[in-house]
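Asker: Here is what each chain is made of, one letter per residue.
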Amino acid sequence: DQQVKQNSPSLSVQEGRISILNCDYTNSMFDYFLWYKKYPAEGPTFLISISSIKDKNEDGRFTVFLNKSAKHLSLHIVPSQPGDSAVYFCAEVKAGGTSYGKLTFGQGTILTVHP
Amino acid sequence: EAGVVQSPRYKIIEKKQPVAFWCNPISGHNTLYWYRQNLGQGPELLIRYENEEAVDDSQLPKDRFSAERLKGVDSTLKIQPAELGDSAVYLCASSRNSPLHFGNGTRLTVT
Numbered sequence: 703d704q705q706v707k708q709n710s711p712s713l714s715v716q717e718g719r720i721s722i723l724n725c726d727y728t729n730s731m732f733d734y735f736l737w738y739k740k741y742p743a744e745g746p747t748f749l750i751s752i753s754s755i756k757d758k759n760e761d762g763r764f765t766v767f768l769n770k771s772a773k774h775l776s777l778h779i780v781p782s783q784p785g786d787s788a789v790y791f792c793a794e795v796k797a798g799g800t801s802y803g804k805l806t807f808g809q810g811t812i813l814t815v816h817p
Numbered sequence: 722e723a724g725v726v727q728s729p730r731y732k733i734i735e736k737k738q739p740v741a742f743w744c745n746p747i748s749g750h751n752t753l754y755w756y757r758q759n760l761g762q763g764p765e766l767l768i769r770y771e772n773e774e775a776v777d778d779s780q781l782p783k784d785r786f787s788a789e790r791l792k793g794v795d796s797t798l799k800i801q802p803a804e805l806g807d808s809a810v811y812l813c814a815s816s817r818n819s820p821l822h823f824g825n826g827t828r829l830t831v832t
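In order, the protein sequences belong to chains D and R.
Just so you know, the working numbering puts the end of the first sequence at 817, numbered straight through with nothing missing.
Just so you know, the working numbering puts the end of the second sequence at 832, numbered straight through with nothing missing.
Don't take every hint at face value.
As the list claims (entries may be wrong) - Listed next, the in silico DSS-like pairs over lysine-lysine satisfying Cα-Cα at most 25 Å (straight line):
(1) R:Lys736 x D:Lys796
(2) D:Lys804 x R:Lys799
(3) D:Lys739 x D:Lys773
(4) R:Lys792 x R:Lys736
(5) R:Lys737 x D:Lys804
(6) D:Lys804 x R:Lys792
(7) R:Lys799 x R:Lys737
Claimed, not checked - Partial list, computed: chain R residues near chain D (C-beta under 10 Å):
(8) Gly724
(9) Arg730
(10) Val740
(11) Ala741
(12) Leu812
(13) Leu821
(14) Phe823
(15) Arg828
No lab work stands behind these hints: they were computed from the structure.
From the three backbone atoms N, C-alpha and C, an ideal C-beta is built for every residue, glycine too.
The task is simple: from the sequences and hints, build the whole structure.
Answerer: In structure tokens:
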């Protein structure tokens with residue numbers, strides 16, 4: 703049973719506009735959610751995280767929102783740039799384990815930003 | 722800092738053959754992970770090491786997969802014998818009280 707779901711396999715946006723990537727989860731016992739970005743033929747790279755005690759975290763053009771009542775989080779990229787085109791994974795870190803221990807990943811969303 | 726280094730980048734083998742992957746983590750990172758990523762899916766954990774000790778291998782198919790991390794640094798992951806369903810990208814990651822840093826992976830194709 704998939705505990706972290708990214709229901710949109712792909713997203714296409716125009717350069718300069720906002721990209722919104724979504725993730726739903728089932729397990730309420732977690733410490734962090736993280737977003738990773740992956741370019742073709744490369745490993746995933748860490749982008750931004752949010753802890754369970756917060757509802758928003760911002761880093762430059764990237765903002766992650768956490769809605770615990772809806773068990774939903776989203777990543778906003780503003781403004782979107784062609785270099786942001788990649789696969790984005792959300793990942794959950796379960797509560798009680800070592801920080802950043804076992805990550806449970808979603809299936810990923812392919813973002814394409816058109817010039 | 723140098724990143725996580727994996728080799729080989731690509732490997733094509735026939736089913737029932739053995740295969741091994743190698744990983745050199747970032748210097749000073751005591752935790753090492755092996756993940757497997759199937760096409761169109763997110764990575765899934767196979768095994769996690771704290772130094773040289775495997776602390777989570779619950780998702781490692783132990784009948785054909787084995788891993789070791791001698792001296793708590795480099796690690797190898799082995800499959801013997803390989804099956805068609807083992808075709809995937811095998812990712813190594815390391816961390817030290819930080820988000821995981823991933824290598825570029827080994828793409829395995831079993832024919």
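Asker: Evaluate each hint against the coordinates.
Answerer: So, going through the hints one by one against the coordinates:
no.: 1; hint: R:Lys736 x D:Lys796; result: 36 Å, violated
no.: 2; hint: D:Lys804 x R:Lys799; result: 21 Å, holds
no.: 3; hint: D:Lys739 x D:Lys773; result: 21 Å, holds
no.: 4; hint: R:Lys792 x R:Lys736; result: 31 Å, violated
no.: 5; hint: R:Lys737 x D:Lys804; result: 30 Å, violated
no.: 6; hint: D:Lys804 x R:Lys792; result: 22 Å, holds
no.: 7; hint: R:Lys799 x R:Lys737; result: 13 Å, holds
no.: 8; hint: Gly724; result: 8 Å, holds
no.: 9; hint: Arg730; result: 8 Å, holds
no.: 10; hint: Val740; result: 19 Å, violated
no.: 11; hint: Ala741; result: 19 Å, violated
no.: 12; hint: Leu812; result: 6 Å, holds
no.: 13; hint: Leu821; result: 6 Å, holds
no.: 14; hint: Phe823; result: 3 Å, holds
no.: 15; hint: Arg828; result: 8 Å, holds
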